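Make the full structure from the sequences, and use the hints.
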Amino acid sequence: MKALCWVGTNKLSVERIPDPKILNPHDAIVRVRLSSVCGSDLHLLDGYVPTMQEGDVIGHEFMGEVVEVGPALKRMKRGDRVVVGSVISCGGCWFCDHGHFSLCDNGNAHAAIAEKALGYPGAGIFGYSQAFGGYSGSHAEYIRVPFAETGSFIIPEGVPDESAVFCSDAFPTGFMAADMCGIEPGDIVAVWGAGGVGQMAMHSAYLLGASRVIAIDRFPERLAMARKYARAEVLNYEEVDVLEALKEMTGGRGPDRCIDAVGMEAHTPGMEHYYDLVKQQLKIETDRPAVLRQAIMACRKGGTLSIVGVYGGFIDKFPMGAAMNKGLTFRMGQMHAQKYIPRLLEYVQGGSVDPSYLLTHRWPLERGPEGYDMFKHKTNDCMRVVFEP
Amino acid sequence: MPRTPATGTSHVNVGSAERVLSTAAGAVLAYAGIKSKSKVGGAALAALGATLVFRGASGYCPMNDVFGRDSAHEQPEPIEIKETFTIYRPIEQVYGFWRRLENLPRFMEHLESVRQLDERRSHWQGRIPGGLGTIDWEAEITTDEPNRLLAYRSLPGSQIDQSGEVRFREAEGGKGTELQAIMHYRAPAGSLGQGVAKLLNPALAELVRSDMRRFKMLLEAGEIPTVAGQSSGRGHDKI
Ligand SMILES: NC(=O)c1ccc[n+]([C@@H]2O[C@H](COP(=O)([O-])OP(=O)(O)OC[C@H]3O[C@@H](n4cnc5c(N)ncnc54)[C@H](O)[C@@H]3O)[C@@H](O)[C@H]2O)c1
Ligand SMILES: [Zn+2]
Ligand SMILES: [Zn+2]
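Chains A and B, in that order, are what the protein sequence lines are. Numbering-wise (my numbering), the first sequence opens with residue 1 and increments by one. Numbering-wise (my numbering), the second sequence opens with residue 1 and increments by one.
Treat the hints with care, since some could be wrong.
[Claimed, not checked] Straight-line alpha carbon distances no greater than 27 angstroms define the calculated DSS-like cross-link-like pairs of lysine-lysine that follow:
#1 247(A) with 376(A)
#2 301(A) with 326(A)
#3 2(A) with 238(B)
#4 116(A) with 175(B)
#5 238(B) with 11(A)
#6 317(A) with 283(A)
#7 21(A) with 228(A)
#8 339(A) with 175(B)
#9 116(A) with 301(A)
#10 247(A) with 317(A)
#11 2(A) with 116(A)
#12 228(A) with 326(A)
#13 238(B) with 21(A)
Simulated from the structure, these hints should not be mistaken for lab results. Values in this document were obtained by computation on a predicted structure and should not be read as measured data.
Structural data, given as structure tokens:
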């Protein structure tokens, strides 16, 4: 089959490799119909996620059709049209049993590596480095799905592939970001990053009762989408002073809840960017925490900071004094796909959110390297490239 | 009698004979050698390991009283490995699965088979890592307190000199069963064996830990997750 492989920092290539096989009793094989790029892949591409190996198949946001089921599966059958969450969780540990699927004890085939890095290992993630299990990703014609009945969900009638695919990763991540905020009636929610994850966080904030949502980014087309589809007020951080503008827009109080949907590769205008970039490249600092710093300063006293933008290592110049003295609450994590997907499919089926507008480019897998280049540089008004292997 | 663990604070304490094969210093040495990246050092380690293993009964004098007594002056202190996991399953199930010693090879990577001979005694066969053959030995259960403690040790005369305990305890807050394994092993007498054993201690601890994690995965997830056999875009796999 064809598969898009990581071969080195900022190097991808389409290869022909053997089709996947069932390796464990709870595995299924899914023929991939749509597989999307995600901002998380950019961290792999840019070389900020260690333990990538040359030849790893990437991609983790996908949907498709079941073509083979392992002997221990009970409900799943060939022909099922499913969306599969990007995290691999066992369904049987304490964490899974309590809905914390991304913290699963048993989903990572390389738990010992993750344990060294994190203290305690979390779930696996498709196509996301050896440390997250070394599982082959979805930018391929077929994919092996471990713990298939825990991670896959039948797509209801009437929900098209283009909407369902984002229920794999972008929507559950955005939804969890809003969920962790603990939104109360009347709350104003500010969202940094108007990528796929940020857009879904904005929709979700409204679903969970926010009164107003403010989007912060620098790409006009992304901000336009946030306004048009997610009913957000928008701020271009290259044009205004974000702290001043937020203060003004919130009657001098600051947003009640702040969502970081950007993560470790934040961009900032001016000196701060170069300060962090140089430190990051010298490996003195692994992550660029510009958004975190800004959100801590912006947030209302006693407010909540919800972090779904991914961080990988260490950060610098973290305004702990402001966070502590303002009494902020921090919530964060990789998202619990399996907990949210059924509910999100219902929203989509009922028509309250249609994530399909995130799909700006539908391309064949052969154009994978080109697609990632466009997604990385946000050219051609690209929000998400979705491959059709 | 198995020795009590060095740390007095832990509420569960156990040694595990389970990891019996890998507890043979020679076997692990061979394994480390085979896995080692450096060619020369790796080969030398592997060869040394194999020699230690096959020295067997002639090469090293089996100690009758395996643990707890420093009978002879030159007898080395046993090396201790302690690992703890919580298994999200009822204590009866966790204890019961382990107590059926025939189950052990399902999660102990280098164990080929275990056969119960009678209530107390069992016959074990392990694979020497790296395809260097197998070793057999007999072990006996020294303590069996259902849902609490299981202790065993290799019998005098075995090529493996090892003992261990596995302790079971209900975790607070419905989190399942705490499982702690503490094992002691003694390398062949003499400074070479001692040095080697010290050197290998971290690798051994990792093997024990890896087996216990596999046990947890098997009980909680019903399988041991793997990517072995998966295709990739790496050299030999490309079409
Ligand atoms: N927690 C999870 O489980 C999970 C799942 C999926 C994605 N993510 C993470 O979410 C983040 C966003 O993913 P995405 O797919 O939307 O990525 P994306 O690259 O499409 O979007 C990121 C956006 O952030 C904007 N941005 C950069 N610096 C900024 C700044 N200083 N202020 C405001 N905006 C800024 C960019 O302009 C871009 O539009 C990534 O870090 C990704 O790794 C996390
Ligand atoms: Zn993602
Ligand atoms: Zn789990």
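How the hints compare with the structure:
1. 247(A) with 376(A): Violated, at about 31 angstroms.
2. 301(A) with 326(A): Within the cut-off at roughly 5 angstroms; holds.
3. 2(A) with 238(B): holds (10 angstroms)
4. 116(A) with 175(B): holds (23 angstroms)
5. 238(B) with 11(A): With Cα atoms ~17 angstroms apart, residue 238(B) and residue 11(A) stay inside 27 angstroms; holds.
6. 317(A) with 283(A): holds (15 angstroms)
7. 21(A) with 228(A): The given pair, whose Cα atoms are some 44 angstroms apart, is violated under the 27 angstroms limit.
8. 339(A) with 175(B): Within the cut-off at roughly 20 angstroms; holds.
9. 116(A) with 301(A): violated (36 angstroms)
10. 247(A) with 317(A): Holds, at roughly 23 angstroms.
11. 2(A) with 116(A): Violated, at about 34 angstroms.
12. 228(A) with 326(A): violated (34 angstroms)
13. 238(B) with 21(A): Distance of about 16 angstroms is within 27 angstroms: holds.
Taken one by one, the earlier hints fail for this structure at numbers 1, 7, 9, 11 and 12, listed in ascending order.
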